[in-house]
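Enquirer: Residue numbers (this note's numbering), protein chains in the order written: chain A, 1 to 304; chain B, 1 to 304; chain C, 1 to 304; chain D, 1 to 304.
Don't read these hints as lab results, they were simulated from the structure. Hints may contain errors.
Any copy, or any two copies together, can satisfy a pair, since identical chains are not distinguished.
To be verified - Subject to a maximum C-alpha distance of 30 Å in a straight line, what follows is the list of computed DSSO-like cross-link-like pairs (lysine-lysine): (1) Lys51 x Lys224; (2) Lys80 x Lys11; (3) Lys32 x Lys224; (4) Lys80 x Lys20.
Fair warning: this is a prediction, and the values are worked out from it, not measured in the lab.
There are 4 protein chains.
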Amino acid sequence: MNYQKILDQIKEEVLPLSGKGKVADYIPALAKIPSDKFGIAITTLDGKTIKVGDAEEPFSIQSISKVFTFAMAFKLMGEKLWNRVGVEPSGNPFNSLVQLEHENGIPRNPFINAGALVITDFLLTSSFNPKKSILDFIRKISSNENINFNFDIAKSEKEHGYRNYALANFMKSYNNIFSDPEELLDVYFHHCSLEMSCVDLSKSILFLANHGVIPSSKEKVLSKSQAKRTNSLMMTCGMYDASGDFAFRVGIPGKSGVGGGIVAVIPGELSICVWSPELDKFGNSLKGVKALELFTTITGMSVF
Amino acid sequence: MNYQKILDQIKEEVLPLSGKGKVADYIPALAKIPSDKFGIAITTLDGKTIKVGDAEEPFSIQSISKVFTFAMAFKLMGEKLWNRVGVEPSGNPFNSLVQLEHENGIPRNPFINAGALVITDFLLTSSFNPKKSILDFIRKISSNENINFNFDIAKSEKEHGYRNYALANFMKSYNNIFSDPEELLDVYFHHCSLEMSCVDLSKSILFLANHGVIPSSKEKVLSKSQAKRTNSLMMTCGMYDASGDFAFRVGIPGKSGVGGGIVAVIPGELSICVWSPELDKFGNSLKGVKALELFTTITGMSVF
Amino acid sequence: MNYQKILDQIKEEVLPLSGKGKVADYIPALAKIPSDKFGIAITTLDGKTIKVGDAEEPFSIQSISKVFTFAMAFKLMGEKLWNRVGVEPSGNPFNSLVQLEHENGIPRNPFINAGALVITDFLLTSSFNPKKSILDFIRKISSNENINFNFDIAKSEKEHGYRNYALANFMKSYNNIFSDPEELLDVYFHHCSLEMSCVDLSKSILFLANHGVIPSSKEKVLSKSQAKRTNSLMMTCGMYDASGDFAFRVGIPGKSGVGGGIVAVIPGELSICVWSPELDKFGNSLKGVKALELFTTITGMSVF
Amino acid sequence: MNYQKILDQIKEEVLPLSGKGKVADYIPALAKIPSDKFGIAITTLDGKTIKVGDAEEPFSIQSISKVFTFAMAFKLMGEKLWNRVGVEPSGNPFNSLVQLEHENGIPRNPFINAGALVITDFLLTSSFNPKKSILDFIRKISSNENINFNFDIAKSEKEHGYRNYALANFMKSYNNIFSDPEELLDVYFHHCSLEMSCVDLSKSILFLANHGVIPSSKEKVLSKSQAKRTNSLMMTCGMYDASGDFAFRVGIPGKSGVGGGIVAVIPGELSICVWSPELDKFGNSLKGVKALELFTTITGMSVF
């Protein structure tokens, strides 16, 4: 398949969507990103990377980092994770807190904020230097030693992150957070602030298209069963409250971030990352979702 | 792959789960089914059917019928459906009514009761004899002219179906039900009362593993895109409030009914139906879910 | 106190509110009432009635009827009522159904629709002719043999009352409705359709200002304790979701209806009824609430 | 009326309730209070105090302090308060956070924790030394210079107060908290830790039975209208999720605390305080509620 031609075509086709979404503006550092940035990178199991547009420019990965911290915690804790976080879609944003209250402080899944905080809490209680552990892990799976936090963004998030403080304290009142909320949020905001390019992200996520194994190094990040389960979680819970719609229209497991990035995998084939900062009303990249829909339609590559 | 051997092995392995679930007892006709019934049938794209246990004994398909009525309505109305029903998981049972209230009478998806009532409403408003249309459709896709409603069960459901009456009237107050609630519920309870065997069901669902086309007759039930979308809906919403868990453990699209049946498909490969009346706390067949988990684990055939 | 002068003054002062509310329009019969109707009637314990404006013109009492059916059921059943309905404010409209679901079909209080349906259910199961019993009771306490249902309004309500059908069926699914929903709704819509004037209503409610006894006839409608409890229920639950605001601004027990009427009592002193069809966003008469606020402010007669 | 005899009788009558409730145990300092403590104090408008049992022993007033901080803020800000907090009952505990979320961070009323935090926030933003201001106010209205915080209890609350931290941060995310959450909680936990006796409390609340004026000093704490409104808020929102039940059974405005105290007023007559540490399932003093029910029944003094 001529992926380069397909990516070029997609870039062309999504162009008219410019101006129909809204760049995240809850912190200044995100608000200033030019809204017309657009890039895609694909990495195939045999190690080839195909790209288009701004695919090598680093951006704020935000919630995409939840896949990485989840993979780290899953590897560490195995199925014990599920005592403290669920695997079900969350319904809708409006329910997040009432669900936590109704379900005794156990978040619905690892990809909503509450769940990602529990995952980060696992990393805090099992590492002397969780920020360094996270950085090491990301650098390894993306083969890029230059990846780093954006400390300004982490600081800015912290100054506006009252809702996340509320979640952490609320779960702590149910004894489902063990570390100090202040320290927890510090690590959380840092991993959300990581800056990576589409190329970095497509490489870093490739193990999920390959039964948990990084193809180039043969290193096993997750077991086959764990990789499958991570993919199913991305499928049912990866796109905030539009996960059903993404499964419906795109048909592959994916995870988005408010920085405008979306990573996705086609098991047995390839990994892909799109970046475009304008978001739809659910907080997912507007052009990004459309680009992935075009990709699975053109290639016929959905999992269904 | 030696499917017969695999099915025999699975039958053996799930046996110890006997007595750990609970047969549906909200109507007498379901309560009297022997709890130890167990059957599996597989139908492959090339038309072979492999079976084990009570795979040829008809049982009450209940909510599995929602896949069939949905396919009928999807074929008829296309994407216009989505004005009146969504494609997102529903969160949890507790939310069903509050979500309807919060979302102006638009059900979350076609596989929760409220959504299935809207789908049935489409069939009522587009057919002179909706019960006959449904029967004709099911008989055709299963190649079994003997399939029929169980009129006693339909009557019994009607006498205990106050919650479904509540849902229909509630949506009608939002103008999202056009037909008379009484007539609507009559059709609804009838299609839920259909009796089919595992063999019937695996055959009838095969088109969803084959891009919408019945392999034997080459008849196109749904377009390729529609079939893919139906599968994604089963994946995210097919197993009541354990859809995430089913995706997580089993990893293929499926739909269950309180009669103890579960249908599922592995796109490009086969369709499968399991039947065992003991249910878990979510209303899904306890042995059925386990059997399907074993099947995808043994064959390595998940979509992820 | 010169009540006539006070009522004249209040009529003057609320005039500028004309056009700021909205006449109920969910059924044609209510929508056609002239929006500028306004009346007040006071009846004192010694039997004097003072009135202003359209105080003798009958209007649709709607939810005010819930006080009467409640009083009938309370007299009949005593404290046994509380097994099937609560005495707490309901929070907000949005919660009505989720609360019913969460609390196993037990409505929060007798003055929300769900609770009033349970109360009407008591009357159905304890009277051969509940509609006649209700009519007899109202005619007696108001000393007006001409009071009657408005059959057109009852019919119209029935045709638009899907949400009430939903509530009745939903509670029946929890075994908290014993009669047939169809018959229950018929009685319910009839008692809501009663037509009475401000003078009728102030007379009929006077027993609640007099420890349960009708002053003129000395007939005991409720015990002293029951009368006190009815007043406390009106205080905490009588004004839909603005009960707190009414207690706060007006400070006496009252009950409103979407026909624009509000009845209220000042224990030991008098009963009062205001009518003005324009409603505020909570469904309470806009001028009516203001008139009662002025009345308690001018007379200094709040219970606090 | 022979209040002394009535109090003696009540003390006798509630004795059999011993052991039917549960002393608050979420912090050690409260858990160690002997469960059989019991006291009542009445203060009449003419300045007489009648007491029984442990009425002079100081206890932790907890949420009763919300009435005092509310009165302070109401005096300071007047009706401007209502831009940031409502006057409606909250429905039930389960809803607290979803309501905050649904209503943009505006708490339902000043007597639930979220609302009391907003009230405390007013005090922080209008006083250089809010803890001292609170102490000065309480000492003045109770005529007792020895009243003080219990610093151990304040510290202990802080160590277990994650849910209150969650509430404060959550409201701050809606811009409805202006001060620093850490400082806010410090003041909040301190005013909840105040220790007062039944005698102190009945004296301190007397102005609410006297149109806002302290009878002995003639000092006007609140205007007549403000006092009436404070009483109506206690009536509809003062007893957590049993406010309706308290209005129903007791029929006077009151406010409880988990330390086992309840204050209440009979406007124009007297103020009363009961203390008994065993709580019912709503967190209100079990004997305390019963004692007040007996008091209004025996004296016939309800507001209705």
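Enquirer: Indicate, hint by hint, whether the structure satisfies it.
Expert: Tested hints:
no.: 1; hint: Lys51 x Lys224; in the structure: both (28 Å within a copy, 28 Å between copies)
no.: 2; hint: Lys80 x Lys11; in the structure: between (43 Å within a copy, 28 Å between copies)
no.: 3; hint: Lys32 x Lys224; in the structure: neither (41 Å within a copy, 42 Å between copies)
no.: 4; hint: Lys80 x Lys20; in the structure: between (43 Å within a copy, 23 Å between copies)
Comparing the model with each earlier hint shows a violation of hint 3 alone; every other hint is respected.
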